[in-house]
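Listed in order, the protein sequences are those of chains A and B. The first sequence maps to residues 1 to 432 in this note's numbering. The second sequence maps to residues 1 to 432 in this note's numbering.
Please note that the accuracy of each hint is not assured.
Copies of the same chain look alike in the list, so a pair counts if it fits in one copy or across any two.
Stated by the list, open to error - Cut-off 25 Å, straight-line C-alpha distance, at most; resulting in silico cross-link-like pairs (DSS-like, lysine-lysine): (1) K327 x K2; (2) K31 x K287; (3) K2 x K48; (4) K278 x K186; (5) K341 x K117; (6) K172 x K269; (7) K362 x K410; (8) K117 x K31; (9) K287 x K186; (10) K402 x K287; (11) K95 x K40; (12) K172 x K386; (13) K389 x K342; (14) K410 x K327.
Simulated from the structure, these hints should not be mistaken for laboratory data.
2 protein chains.
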Amino acid sequence: MKSVNIGLIGLGTIGRGVYDVIENSGELISKRTGISLSVKAVCDSDKKALEEIDNKNILKTSLAEDIINNSDIDIIVELIGGIEPARGIVLNALKNGKHVVTANKALLSGNWNEIFKAAAENEVFVNFEASVGGAIPIIRTLCMSFVADNIQTVYGILNGTTNFILTEMSEKGCSFDAALKVAQEKGIAESDPDLDISGADSAHKLAILALLGFGVNVSGKDVYTEGISLIGSEDICNAADWGYSIKLLAIAKDVAGGLELRVHPTLMKSSHLLSGVKGADNAVFVKGDLIGESLLFGKGAGRKPTSSSVVGDIVEIARRIVSDGGKNSLPYNFCYMPEGKKISCIEDLMIPYYLRFSVIDKPGVLAGISSILADNEISIANVSQKERKEGETVPVVILTHKAKEGNMRKAIEKINNRDSITAKTVVIRIEE
Amino acid sequence: MKSVNIGLIGLGTIGRGVYDVIENSGELISKRTGISLSVKAVCDSDKKALEEIDNKNILKTSLAEDIINNSDIDIIVELIGGIEPARGIVLNALKNGKHVVTANKALLSGNWNEIFKAAAENEVFVNFEASVGGAIPIIRTLCMSFVADNIQTVYGILNGTTNFILTEMSEKGCSFDAALKVAQEKGIAESDPDLDISGADSAHKLAILALLGFGVNVSGKDVYTEGISLIGSEDICNAADWGYSIKLLAIAKDVAGGLELRVHPTLMKSSHLLSGVKGADNAVFVKGDLIGESLLFGKGAGRKPTSSSVVGDIVEIARRIVSDGGKNSLPYNFCYMPEGKKISCIEDLMIPYYLRFSVIDKPGVLAGISSILADNEISIANVSQKERKEGETVPVVILTHKAKEGNMRKAIEKINNRDSITAKTVVIRIEE
């Protein structure tokens, strides 16, 4: 049985999980592949984490260099997260001829060129399946299975925390704040949940999918991003009445004018498969010119699912090492988008909208709103006012036909300034 | 740009599709991979199919040997289907050191050992993603992404024809025969639809998934198989009333007593993601000890989706050829199931059932049925009789708690022999 040696850097939730999976599933992996995986060294700045690795044959160190410079080690697994020191560790590992497996979406989505240039120069592999969607094999699928397809659309539910909150609001009828509290109690949301609920985490992941699907080199900052904190439980109810669910969707779409990249709460038809993705689960929907519509669903986070994905990446490289020495003389050519093709400006988006106005219930208010919408070339598809409380604030919900985002923003600003409007209008885009 | 040369054997729907994809998407593939795919030769017994390939630089032949023995060709793509002559062609290609890509489920599921032994001896690759689920990347996912997982359950909707028929019956309320006719008119069902509606096609595919997921070497014949022709539209209605849909499910399940392998109509909770798989679409649900629950959804057949999948397989091998010569010195070790582990006998299955009896509406009939069920240790969970027509035939529907299949068969045989039963009882298993 041929052996492949691994150095693990970072023994947090996922790092320790990867160690455990190799320990517990090593025999199964050997049966399936004929390869023995062996963790030779682990690195963490936390001494307690090192002590908990109960194996005297393993080098335990707080210095990443001890692993990067260890000539016995074939594959470095970077699971510390964040930009630095992860970036330096990965680059040095590549320069030392080590293959790298990482789940670090923040690092990758901002540093593609540097990392893959170093990998190519040193003829080694960088695998990163766990950087998007935990146990969902979307990276391998886009790079390998769908390599012949012109990808038209990617829709992702890429963040378990926000999907859990929206599901909780939908099923329990509770507020955003109450649902967030439940998520925090269950360990699904961090005590500082901003990275998730702001949509920033989804934007990082969408940048990676956009690179693989559309050949465009972008970071999370290039993705137009809105979070979910303004969604009310009444919006979820209203959407349901019209046959929609509300999801925080990460969208990459190849359109005539360019490439749309955006993360925002979205009304989706309840019959769409993505509407069935509940709780902390994730899913990615891909439409291509050959494959048609495709969906991959699974756990987007958590120790076991993410560790499984990391170990899948390790085994893929291990097979190459054992079979033919693991020389990567043909790196993926990620950035191939034609020069002229641009990321669309959000102001140019043409899309239908859900609008919830908080208005004083008195004659002429709806006429006022309608005329501002009309002035901005926004055409109404549906209006609903369920409550009647003369002189008090009531919600009025409008679904529009496709309208230009720039026009919508002008109209909403004007409407929000009217005396008869008592709170900021809730604006949610609808994907048909 | 490095070039990889391909010989296409079989120019039917998929073969011609693969040719077209390489022609039309070749530039995109080159941008993404740095590899130029080149079809050097095509083979078909149909002269017209050969003539339609409008390229003078391509060798056109009706003899597979011309391609197998051509030293310019790196990868042979076998798309003629069926056992012979496909088997001989694939084995000879492997012996000549050619890599093979095939979509031939019938060939693979009956000839694993022979084919993969020949591949290993000649250090070449055999890829077969398109053999199950068209554009759904389930083969690559099981072999690579989920390599560390103890797979517990695989549920597949693996046949588009039967799923289309069941969806049509559900949505239009029509009979099986009427839905089959629509499927035939749309080209979704063959004029002789037996391979699909009998479940045999699903059984072939399940055998492949069982090998990859559970390491058991079986053919379609080893899978207990029932088709959908006995399902009535009333069964679909009744199931919906209780919150279920009816799907032809291919099931592989690791249970204490062994490995369950079965294809049959199944009641599934309407909230299960598989219930949302409509029309001719396919999906595979996989549960593993690490990944948890995962679902892959997509087109299961058709020229473009299947061709995309075949080309993905070609590119995977082409990358190996260009990067390091494409020597496969480490073939997948597919058959690793422990010796003691057996395929469970269908009679030992413990599962809840949906039963539809056609009974004469008269006093004592239900009591008679109930007592036979009780005698066979079958406990009733729900009874429904909607119609009342004294002295005439009415349907009585019963849902049972978990019962042993062997007992159920005895009970149903006894019940079917009673004078008050006017038609064969419909028995459908329920997966909870």
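To see whether the hints hold, each was checked on the structure:
In the homo-oligomer, the alpha carbons of K327 and K2 lie at most 25 Å apart both inside one protomer (17 Å) and across protomers (16 Å), since each shortest distance falls under that limit. In this homomeric assembly, K31 and K287 come within 25 Å of each other (Cα to Cα) only across copies, at 20 Å, whereas the closest approach inside a single copy is 36 Å. In the homo-oligomer, the alpha carbons of K2 and K48 never lie at most 25 Å apart, since the shortest distance is 32 Å inside one protomer and 51 Å across protomers. With identical chains, the CA atoms of K278 and K186 are at most 25 Å apart within one copy only, with a shortest distance of 15 Å there and 34 Å across copies.
Taking the closest pair of Cα atoms, K341 and K117 come within 25 Å of each other only inside a single copy of the chain (23 Å); across copies the shortest separation is 48 Å, beyond that limit. Both within a single protomer and between protomers do K172 and K269 lie at most 25 Å apart by alpha-carbon distance, with minima of 20 Å and 21 Å respectively. When the C-alpha separation of K362 and K410 is checked against a cutoff of 25 Å, the pair qualifies only within one copy, where the shortest distance is 24 Å, while the shortest distance between copies is 72 Å. Within a single copy, K117 and K31 get their C-alpha atoms only as close as 35 Å, which misses the 25 Å cut-off; across copies the closest is 16 Å, which meets it.
Proximity of K287 to K186 under the C-alpha cut-off of 25 Å is restricted to the inter-copy arrangement: shortest distance 23 Å between copies versus 34 Å within a copy. For a Cα distance limit of 25 Å, the shortest separation of K402 from K287 inside one copy, 21 Å, qualifies, whereas the shortest one across copies, 41 Å, does not. Taking CA atoms no more than 25 Å apart as the test, K95 paired with K40 passes inside one copy only; the shortest distance there is 20 Å, against 39 Å between copies. When the C-alpha separation of K172 and K386 is checked against a cutoff of 25 Å, the pair qualifies only within one copy, where the shortest distance is 21 Å, while the shortest distance between copies is 34 Å.
Taking CA atoms no more than 25 Å apart as the test, K389 paired with K342 passes in neither setting, with 49 Å inside one copy and 70 Å between copies. When the C-alpha separation of K410 and K327 is checked against a cutoff of 25 Å, the pair qualifies neither within a copy, at 56 Å, nor between copies, at 62 Å.
Hint violations for this structure: numbers 3, 13, 14, all remaining hints satisfied.
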